[in-house]
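Student: Chains as they are written, first to last, in my numbering: chain A, 1 to 283; chain B, 1 to 756; chain C, 1 to 163.
Certain hints may be false.
What the hints assert, rightly or not - Here are the simulated lysine-lysine pairs, DSS-like style, with alpha carbons at most 27 Å apart:
hint : chain 1 : residue 1 : chain 2 : residue 2
1    : A       : 41        : B       : 681
2    : B       : 556       : B       : 476
3    : B       : 681       : A       : 152
4    : B       : 83        : B       : 127
Hints listed in this document are in silico derivations from the structure and should not be mistaken for laboratory results.
These numbers were taken from a predicted model, which means no experiment stands behind them.
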Amino acid sequence: MSVLVPRTLQDALQATAANPSAQLIQGGTDLMVEINFNHRKPTDVIALRRVDELKSVNIDIKNSQITIGAGLPYQQMEHGEIALHLPALAQAARTVGSPQIRSAGSIGGNLGTCSPAGDALPVLSALNATVNLQSADSSRAISIHDFMVGVKRNARMPGEIIVSTTLPIVSGWQGYSKVGVRNAMVISVASCCLVVDRINGTIAVALGAVGPTIIRCRETESWLAAQVDLKAKTTVSPNLLQEFGDRIATESKPIDDHRSTAAYRRHAVAVLARRMLTRANAQ
Amino acid sequence: MSSTTQTTTRRDVLGASALRPDGAAKVQGRFEFSSDLHAENMLWGATLRSPHPYARLVSIDLSAAYKIVGVVAIITAEDVPGKKTYGLISSDQPVFAQDFVRYVGEPIAAVAADHPETCRRALAAIKVEYEVLSPLTDAELAIQPATPPIHPDGNVIRRQQIITGDQDLQGEIIVEGTYEIGMQDQAFLGLEAALALPDSDGKGIEMHVATQWLHEDQKQIAACLDLPAERIRLTLGGVGGAFGAREDISLQVHCALLALRTSRPIKMQYSREESFYGHVHRHPAKIFIRHHAKRNGEIQRIEAKMVFDGGAYASTSSAVLINGVTHIQGPYRCPNATVVGYAVRTNNPPCGAMRGFGVVQACYAHESQMDKLAAACGLSPVEIRLRNAMVTGDKLITGQVIESVAPVARCIRETDAIALPAPLAKTAHPLEIVGGSGLTSLPHNIVRGIGWGVSIKNLMYSEKFDDFATARCQLKDGVATLKYATVEVGQGFVVLAPQIARSVLGVDEVVLDTVDTGIGSAGSTSASRQTWMSGGAVDGACRLVRQRLFEHVGKKYNIDPLRLVIEDTDVVDMIGDFRISVIEASTGVLIDETFEHHHRPTEELDENGQGNCHVAFAFVAHRAVVDVDVELGLVKVIQIATAQDVGRVLNPIAALGQIEGGIAQGLGLAVMEEIVLDKGKMRNPSFTDYLLPTALDAPSVVAVMIEEPEPQAPLGAKGIGEPPCISVTPAIAAAIRNATGRELPRVPVRPQDICF
Amino acid sequence: MNSNSEIYSLTVNGKTHEVRDSWVGESLLYVLRERLNLPGTKGACEQGECGSCTVIMDGQAVCSCLVMAATAIDSDIRTVESLSVGDSLTEVQDAFVTEGGVQCGFCTPGLVVAIEHLLSQNPDPSEIEIKEAISGNICRCTGYGRIFEAVDKAVSVRKAKSS
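Put together the whole structure using the sequences plus the hints.
Tutor: See the structure below:
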């Protein structure tokens with residue numbers, strides 16, 4: 001039984017190489033719940049909270065991208081440069097749990113747990129983010145779409161640490177919306193991230209909590225790009241808006257559970273998507 | 001002879017916002033809750049619970065569990081030396097399951113071990129064989145005689161009808177509806193915990209426990225342990241809220257048994273998940289109700305059928321039912337009634353006391369009806385209620401005359417007079433808009449609605465129950481010491497009791513003795529009763545002491561005691577010049593008096609539901625303003641305006657705290673709180689999915705306290721704990737209806753109920 | 001790199017404590033309460049949904065039930081016990097008592113810590129900022145009204161003191 005608290009990424013990687021089945025822990029906001037509830041009983045733990053490299057932020061204006069360390073707390077994404085360049089991420093960060101959770105929770109945690117209700121994940125999906133993984137003797141960058149494999153299953157291999165995510169800086173409008181019953185500490189019943197890229201004339205819509213993993217509504221995205229010119233702010237007609245929402249709903253795969261019903265979730269994502277599209281095109 | 005002149009400094013007497021004596025300790029984290037208690041050489045206890053809602057218990061194999069290092073003892077039903085069952089009204093609930101398990105979470109065994117983790121491993125190693133049976137989860141089915149009984153006492157815990165007046169009257173206006181109230185949980189924060197210390201002879205127990213009624217616990221524990229009550233010495237451990245959930249026994253008997261078995265102190269505490277399984281909940285209910293009225297809106301008759309799902313064991317279901325059926329007319333005149341109510345047994349989680357105790361459910365039904373009646377008669381929600389509002393002297397459908405002060409119309413008018421909040425600004429901050437940081441809605445997506453709820457609530461226990469309270473007061477050298485068994489759950493009796501002593505005796509220094517079973521019962525901290533009952537007991541004991549003080553002063557200074565009064569902090573001769581400070585008057589003497597306060601007797605209901613079964617009543621009105629995103633079905637409660645019939649305000653800040661807190665709980669039931677059941681299993685026994693209102697869900701509360709002193713009440717003050725959580729729920733639902741046009745027969749209202 | 005299989009040290013309220021023979025899954029909340037004799041911090045949900053267990057760790061308000069104690073080495077941990085010296089109360093604590101912000105008191109330590117933290121970062125918060133800052137602290141007794149009053153009072157008392 002051991003708990004290792006490495007101080008550098010190098011040390012952390014050596015630790016995972018030496019013990020690939022050791023439990024990695026970052027902020028603890030998902031893992032400790034499982035331990036407290038007896039669903040998981042780790043014997044060897046590698047804590048990443050003191051690895052400063054995992055909290056770094058690299059804003060690369062020249063290449064229009066931002067790389068955010070997997071251990072950066074959500075609280076630090078709500079304002080400042082991240083919020084400026086990635087407003088949807090800032091919005092998503094602000095909806096995570098409570099202020100106490102936001103002090104500890106991180107994108108790395110969202111990726112590690114890979115729940116379809118993870119608040120940052122629709123944003124990563126809509127932005128086609130890259131997940132950067134390292135092990136003691138290798139590193140790789142894979143698309144978020146390849147990283148999220150299924151319900152609480154991801155493509156991380158034993159011995160790998162999620163080091164950071166790289167997100168593009170997009171010119172256009174982006175937003176994140178999340179539906180829950182309460183006005184704070186909201187567990188997502190349905191969520192949506194919408195990104196309009198005015199340079200390339202594309203739209204991305206990613207849905208959370210309405211399927212086994214994050215759903216990118218690619219069919220609706222291509223359909224809309226064919227209906228309107230997404231390079232400019234055009235008013236979308238009511239009929240088109242209605243159909244847009246309906247199509248989004250069709251691409252979702254929600255279930256009935258104790259939190260909500262499939263029918264409501266389908267309805268909710270349609271409404272969220274329509275509203276955000278309207279906001280994106282507001283003059 | 002000496003005299004003192006008192007300068008007018010504000011004293012913490014009745015009417016002042018005296019500060020809590022435990023406040024400083026609580027803000028520093030030094031106040032000891034029962035979960036903070038420890039003892040040398042203590043072991044941890046934990047409980048094994050049934051995963052099935054209904055099953056035959058075939059066998060229990062403890063052998064593997066005993067092999068785990070650190071496990072000291074494991075007990076099951078056969079280790080209960082005395083009564084194998086317990087319960088508040090009928091003892092139908094097993095300490096540990098014997099032949100059957102009847103709900104998910106029913107205790108099967110308990111272990112004592114050196115660490116909570118050892119306990120968890122031991123519980124996991126106990127092998128239980130079940131023959132799983134098909135659970136009864138439909139309350140209506142439970143009423144049917146053909147349904148096989150799931151308990152030897154049968155599936156109908158109680159049936160009660162109320163038959164009054166003309167059974168055939170049909171009104172010119174008839175409105176009806178079927179209403180459903182979901183299962184709410186008390187969700188107090190201070191999780192169940194107790195520390196039991198065995199006596200060295202093994203024939204007694206000292207227990208520190210968070211509970212609502214020390215003496216009732218003592219009685220039940222003694223019976224199960226087969227020990228005399230005097231050997232079960234209970235001391236109140238700090239209580240982190242109760243709201244009814246601690247009225248029933250949870251871990252007390254288990255903890256005591258483990259202590260006696262191991263001859264070591266035992267600490268037991270529940271996790272949040274276990275807490276959901278370990279205590280009773282609010283009865284879910286289905287209520288059909290039909291109002292017959294004249295064209296002008298005057299109610300002439302009600303018909304109602306009420307079904308309360310009591311879950312696996314009876315707890316206080318019988319009394320909850322009586323409250324339900326006797327309050328279904330609401331605070332309105334109603335000359336004729338045909339009402340029948342059932343409290344039934346199912347394999348759903350057991351239900352019992354929760355703040356409001358059956359009246360919450362009845363109120364949701366009658367207030368939803370009042371708005372339907374208003375619409376049918378062309379009256380406003382306020383007009384219909386004023387037209388029918390009760391006054392002192394009116395009768396309940398049980399035949400009981402309302403003798404209490406009954407300012408129903410005044411509650412409604414004063415609530416109506418409270419200014420409405422400003423409309424939602426176009427530039428409102430996102431956190432002020434429905435959906436909050438989820439950014440779901442903009443101001444133009446929002447519709448505002450207003451709704452009303454008015455309630456009557458009985459105070460104290462009913463149907464011949466003599467729930468008296470005892471208090472002892474000692475006066476010596478200017479210091480009053482109070483002893484009582486009244487449980488402080490947070491409601492503020494610890495502030496009130498000293499205020500009473502200061503008012504009656506003219507002392508400023510009041511010491512509160514330990515709350516334990518070393519004095520007579522104070523009854524339960526529930527039913528909005530402690531200010532009236534324990535306040536009455538403290539008041540009574542202090543008055544006896546005061547009388548003895550006057551006799552002492554009279555004898556010493558040759559004055560007729562009848563001429564003496566307390567004025568501020570002095571004993572004063574009303575007729576002469578004599579004045580002496582209470583401190584001086586009581587120096588060198590010890591006066592010690594104990595008083596039992598009983599309320600007036602009540603009656604049981606006869607087979608037609610007739611009888612003076614309640615002691616007294618309080619009234620309240622609520623008006624809710626809500627913002628609704630109709631398309632998404634999301635709600636934010638903006639303002640609750642309320643006027644509550646409190647009799648007399650004894651501590652303004654404490655009273656306001658009770659009102660605001662009760663409103664938050666009623667809000668929870670209206671829009672977010674429900675234990676979701678699936679064939680007897682709880683789907684959401686955690687705070688992730690059992691949602692409590694947060695600071696961002698709290699509405700602005702504007703409260704008026706109506707003071708028309710209640711002559712029956714020893715201090716003129718009525719109980720105020722329950723009314724705030726009762727009519728606020730239908731008021732919020734009515735406001736949502738006003739905004740959306742939806743019928744909303746069920747609470748909690750969920751987004752899909754609004755959208756579809 | 002530190003290996004904490006059997007003994008590790010935590011720095012709590014300025015003092016260093018040694019923790020021995022612990023189980024790896026113990027939360028910081030458990031260790032504070034059951035091993036370090038600091039029971040002021042409370043636990044009510046084990047999943048970060050109530051805020052009763054709020055402590056300040058390295059200058060951030062976190063839920064101690066979600067911190068694996070053995071990973072909190074070399075962190076500066078401050079609990080409710082560190083706020084007041086002796087019997088004197090901070091302005092926040094005093095305001096909670098005078099304004100009726102305390103009923104059963106179970107949520108109180110977590111709330112007081114969260115508010116002291118808020119005011120240390122933002123001495124004059126708006127109503128919305130206060131509500132958001134304590135949106136992770138559940139109170140079941142008060143309905144929050146008197147708590148908001150307590151914060152307002154603490155803010156004005158502090159402002160008056162510093163002017």
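Student: Check whether the Cα positions of residue 556 (chain B) and residue 476 (chain B) lie no farther apart than 27 Å.
Tutor: Holds: residue 556 (chain B) and residue 476 (chain B) sit about 16 Å apart, inside 27 Å.
Student: Compare the distance between the alpha carbons of residue 83 (chain B) and residue 127 (chain B) with 27 Å, and conclude whether the hinted pair is satisfied.
Tutor: OK: residue 83 (chain B) and residue 127 (chain B) at ~25 Å, within 27 Å.
Student: Take a quick look at whether residue 681 (chain B) and residue 152 (chain A) sit within 27 Å of each other, Cα to Cα.
Tutor: holds, 24 Å
Student: Sort out whether residue 681 (chain B) lies within 27 Å of residue 41 (chain A), counting only the CA atoms.
Tutor: holds, 25 Å
In this structure, none of the earlier numbered hints is contradicted; all agree with it.
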